[in-house]
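Colleague: Sequence:
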Amino acid sequence: MTFSIVARSADGTGFGVAVASKFLAVGAAVPAAAAGVGAIATQSYANLAYRPDGLALLAEGRGAALTLEMLTSADEKRETRQAGIVDTNGIAATFTGSECQPWAGGIAGDGYAIQGNILVGPQVVEAMERAWLASSRDAPLARRLLAAVSAGDQVGGDRRGRQSAALLVVTPEGGYGGGSDVLADLRVDDHPEPVQELARLVDLHDLYFGVPDPEALLDLSGELETEVRARLAMRGFTDGDLEAALATWAGIENYEERLVAGKIDPVVLAKLREAQTS
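The opening residue of the sequence shown carries number 0 in numbering that gives the first Met the number 0; numbering runs sequentially from there.
None of these hints come from the bench; they were simulated from the model.
Incorrect hints may appear among the rest.
[Said to hold, decoys possible] No more than 16 Å apart at the CA atoms, straight line, and that leaves these computed lysine to aspartate or glutamate pairs for EDC-like:
{"#": "1", "residue 1": "K21", "residue 2": "E226"}
{"#": "2", "residue 1": "K270", "residue 2": "E256"}
{"#": "3", "residue 1": "K262", "residue 2": "D202"}
{"#": "4", "residue 1": "K21", "residue 2": "E256"}
{"#": "5", "residue 1": "K262", "residue 2": "D205"}
{"#": "6", "residue 1": "K270", "residue 2": "D202"}
{"#": "7", "residue 1": "K21", "residue 2": "D202"}
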């Protein structure tokens, strides 16, 4: 009832899962990941205990293949299960029980495992693998995972239809303000086109929480300073100095992660200009 990819980033710092299914809130059941540990997808009559138990085994250094063997061998209903795991070394493993509903199967390679059940056919996991391998190793992990799950969706995905999708990515101190390791945890729980909606959320996540390109930052001085000050004043942000006013506006609009002292991110500038024309 689900197709997913678990993967490690090329630099070894990030782990993530992307998944889609004809199942309500698939993101609440399938994915799990921990920075410095690995990632897991559990599906097909999913055994949710695979998530904490699998991460614990990986944290002990068991490795993907051994962790998957230990999880499934201890499970009386293992032949109905499906799972994929990737570890810190980029070793990946996938398992499909003999009683999973067809079509069901998986593919594992360097740094990724792809699996699905109740699919239109093997072309789903094959398309996902091609998309993953075709994506740039330097691209953000979230984008590579999204490309893979989108490719699976485009060739038919779950043969019962569409309902939900999710993406989870972890990296050390990657969360909001550096206060957690959860870089992205995006879920589309019930939607007629969940993968497309997930793509929209990834775009929004990049907008609000993306790291500004240092080489693209503009000096907040001269004519640009005058423009920014005027645009903020038109919105009613006149208290304090320019950077304080900009920070107040950015905080309200959720662009605070893109602020840099003495500079302005072109993304933020474009949004400030849009605010005057909308």
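Colleague: Hey, K270 versus E256, does the alpha-carbon distance stay inside 16 Å?
Modeller: holds (14 Å)
Colleague: Hey, K21 versus D202, does the alpha-carbon distance stay inside 16 Å?
Modeller: It is violated: about 23 Å lies between the C-alpha atoms, which goes past 16 Å.
Colleague: Mind checking the alpha carbons of K270 and D202 for me, to see if they're no more than 16 Å apart?
Modeller: Holds: K270 and D202 sit about 14 Å apart, inside 16 Å.
Colleague: Mind checking the alpha carbons of K262 and D205 for me, to see if they're no more than 16 Å apart?
Modeller: violated (19 Å)
Colleague: Within 16 Å, alpha carbon to alpha carbon, are K262 and D202?
Modeller: Answer violated: K262 to D202 is near 23 Å, above 16 Å.
Colleague: Is the Cα-Cα distance between K21 and E256 16 Å or less?
Modeller: violated (35 Å)
Colleague: Between K21 and E226, does the CA-CA distance stay at or below 16 Å?
Modeller: Given pair K21, E226 is violated - Cα atoms ~49 Å apart, limit 16 Å.
Comparing the model with each numbered hint stated earlier shows that hints 1, 3, 4, 5 and 7 do not hold.
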